[in-house]
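Student: For reference, the chains in residue letters:
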Amino acid sequence: MSPVITLTTDFGLSDAYVAAMKGVILGINPEVTLVDICHTIGPQKIAGAAFILETAYRAFPQGTIHLVVVDPGVGSQRRAVVLRTPSADFVAPDNGVLSYVIREALPEIAESEQQAELGPELEAFAITESRYWRTPVSPTFHGRDIFAPVAAHLSLGRSPADFGERLTSLVMLPLTRPHHKPDGTVVGHILHIDSFGNLITDITTKYLPSKDEPLSIEVGEETIRSLSRTYVEGEGLLALIGSSDRLEISAKGGSAHDLLNAKVGDEVRLCPQG
Amino acid sequence: MSPVITLTTDFGLSDAYVAAMKGVILGINPEVTLVDICHTIGPQKIAGAAFILETAYRAFPQGTIHLVVVDPGVGSQRRAVVLRTPSADFVAPDNGVLSYVIREALPEIAESEQQAELGPELEAFAITESRYWRTPVSPTFHGRDIFAPVAAHLSLGRSPADFGERLTSLVMLPLTRPHHKPDGTVVGHILHIDSFGNLITDITTKYLPSKDEPLSIEVGEETIRSLSRTYVEGEGLLALIGSSDRLEISAKGGSAHDLLNAKVGDEVRLCPQG
Amino acid sequence: MSPVITLTTDFGLSDAYVAAMKGVILGINPEVTLVDICHTIGPQKIAGAAFILETAYRAFPQGTIHLVVVDPGVGSQRRAVVLRTPSADFVAPDNGVLSYVIREALPEIAESEQQAELGPELEAFAITESRYWRTPVSPTFHGRDIFAPVAAHLSLGRSPADFGERLTSLVMLPLTRPHHKPDGTVVGHILHIDSFGNLITDITTKYLPSKDEPLSIEVGEETIRSLSRTYVEGEGLLALIGSSDRLEISAKGGSAHDLLNAKVGDEVRLCPQG
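Residue numbers (the numbering used here), protein chains in the order written: chain A, 1 to 274; chain B, 1 to 274; chain C, 1 to 274.
Isolated chain A (complex conformation) (with noise of 0.2 Å):
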């Protein structure tokens, strides 16, 4: 069975880059089944990257590893690591770009945490043995230098112990959570608005009240009564739960950012009716 490498960068689609990372490491492992997630990251957004790669990494198969080069740091003193969780492992920068990966194993990790102490379940290692990379190492791309050719000799069983010394924490960026006011309204955040033109919250379905109380979401100066099922049910502005299991605003055969003029980190909250 061909194990699956994931790229994940800010690389764009007008450069050759994600293409040398590729083949970088069809030359270590020709075996290996190369998934694009996202290459339009905008440039040097380490936070937009991990909620990219936090809507899709579940849905691959175990043992996937996911290559995550969103990298302003690169040639800096910023560690390389490699992340092993139950389900999946990770190379990438120790710039935050796992964020929601660790937060996930995690829970209770507060918001202003800004490195995690990892326990058991999360294995890291840095990226230090050279013998592994590339040569010579171009200080400005250690995509195809150091987390491609690492990737690649994961995908052929190595161990992540192999590629450097065990790490006991990692960089968190300042993940939000919707908290709740007196009033029982949750106030929560826009976390990405996805290419229709939706907003997706870091509202998830644990802060819903049980399905039969009412409610109403308020986003900007808009009050949305009730939440639908689909994009499909209501008028106009909708909220619904998306499929990361998160509120999300949208708007029937329409954009609701060109509705609302939203933006990213702008608040959404949940109210109780009546």
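Worth flagging that the hints you see were computed from the coordinates, not collected in a lab.
Keep in mind that the hints are not guaranteed to be accurate.
So the derived list for chain B, only partly shown, Cβ under 7 Å to chain C, looks like this [to be verified]:
1) Leu34
2) Cys38
3) Thr40
4) Thr55
5) Ala56
6) Ala59
7) Asp194
8) Ser195
9) Ser243
Virtual Cβ for every residue (Gly too), placed ideally from N, Cα, C.
The hints should help you fit chains B and C onto chain A, whose structure is shown.
Tutor: Showing chains B and C alone in chain A's frame:
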């Protein structure tokens, strides 16, 4: 021999939705070869997706599975289908996105027909057997949770009949056909504008006069006095038979779209000369 | 071990032309691994395609087949070729798109040379044996009907000589080279602007002074006082050696392209200090 699954969606290139579908497929059949046809179909543009599929599917090997997820009605009562033709399988919502595939098998179908009655050469099945689906099914992402796993199971050799009951009809779009005027002029329409700015029409080679008869082509205010064979013959606007055997308006070294400000649906006329 | 075929075209991402080529290849050799290098080359920009190919092909394993279809002369008398180098095969129109590949083997070739006379290390063959082509051949899409099937047959182990007669020369673009001024200044040019806005020049490392000599870099009205090693050193505009061993102008945390309003072909000067 590893089966091929192609993917055509309107999911764009800036989200991980396509990758999530690929992850699901590889989890079911790791030996499959995945090929992207196009993911930049305009959001929910069913006719555009139908045409893009039409220009690619015949180039693929016998038995290829074409997965098409342009699905504005996701979560509604619209049906999901597997269509088996003598050359390929298609997995898609029953919303007209397979209209060109169906019309190839049923060339006499009327332009106004909104349902194609299928004969024995086209076997269509509803996708209703939930045991093949990912669970839970998100009401907003059947691509990942229903269509992708069905395509993957099909690639493992499962019969289309395993996914649900046989259907006797499928939804058709009102595909335009050229018509003849009393003076012999053929009146066709622009179906698609490609990224070079070529205007691709519904006038197929069977509407052309025999080889040596003179003709002219009218589009907007412009008249083109002869057919070229390639993009490099003549000057300025050209008319030629493109790679999908359709009359195409092109501009030497430029974009016919920019020159003519034409749009999909505009008339193109093929006139007998003399 | 499955052979690798890469694809570089100007077909864009909104049509099915690339997919049609892949379908044809998989119909001939289902075991091939397909890798996209780039499809957003500006329409018919041969020099741009040549450079993109240059930045990727060395990263691929020995024996990779690079299929390059940027072909404004499709259907004309321009030749189609298979080029075998010691490390890889190339299938392309003979229009200069392989100029960097050829120059690597023939480093002394004059900048003004419009035809490269090939020595024994470069074996080139015309593609004329139509038995390997798809039929009928569309005069407007040799990518699908000639280049793709030839690459696929090559990946099955067929000899380049099977596709047509040996050629003794290939078309060269006028690739710029830096020149020296009497005062020791090296005058180079911007070859490519990548999606981060980095300005990549034709000044390779061999034009740099020995390690400890001071230097400054001039681009437009700006002077950069030293070479950085990475994108994170210094402030504002940076100059460094990029991942293709070329002098590159970058902007810390931003886009040098936006800051300088530079374009391909503009001069960049490397000046001895003192």
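Student: Now tell me, hint by hint, if it's right for this structure.
Tutor: Hint check results:
no., hint, in the structure
1, Leu34, "violated, 10 Å"
2, Cys38, "holds, 6 Å"
3, Thr40, "holds, 5 Å"
4, Thr55, "holds, 5 Å"
5, Ala56, "holds, 4 Å"
6, Ala59, "holds, 4 Å"
7, Asp194, "holds, 5 Å"
8, Ser195, "holds, 3 Å"
9, Ser243, "holds, 3 Å"
Checked against the numbered hints above, the structure violates only hint 1.
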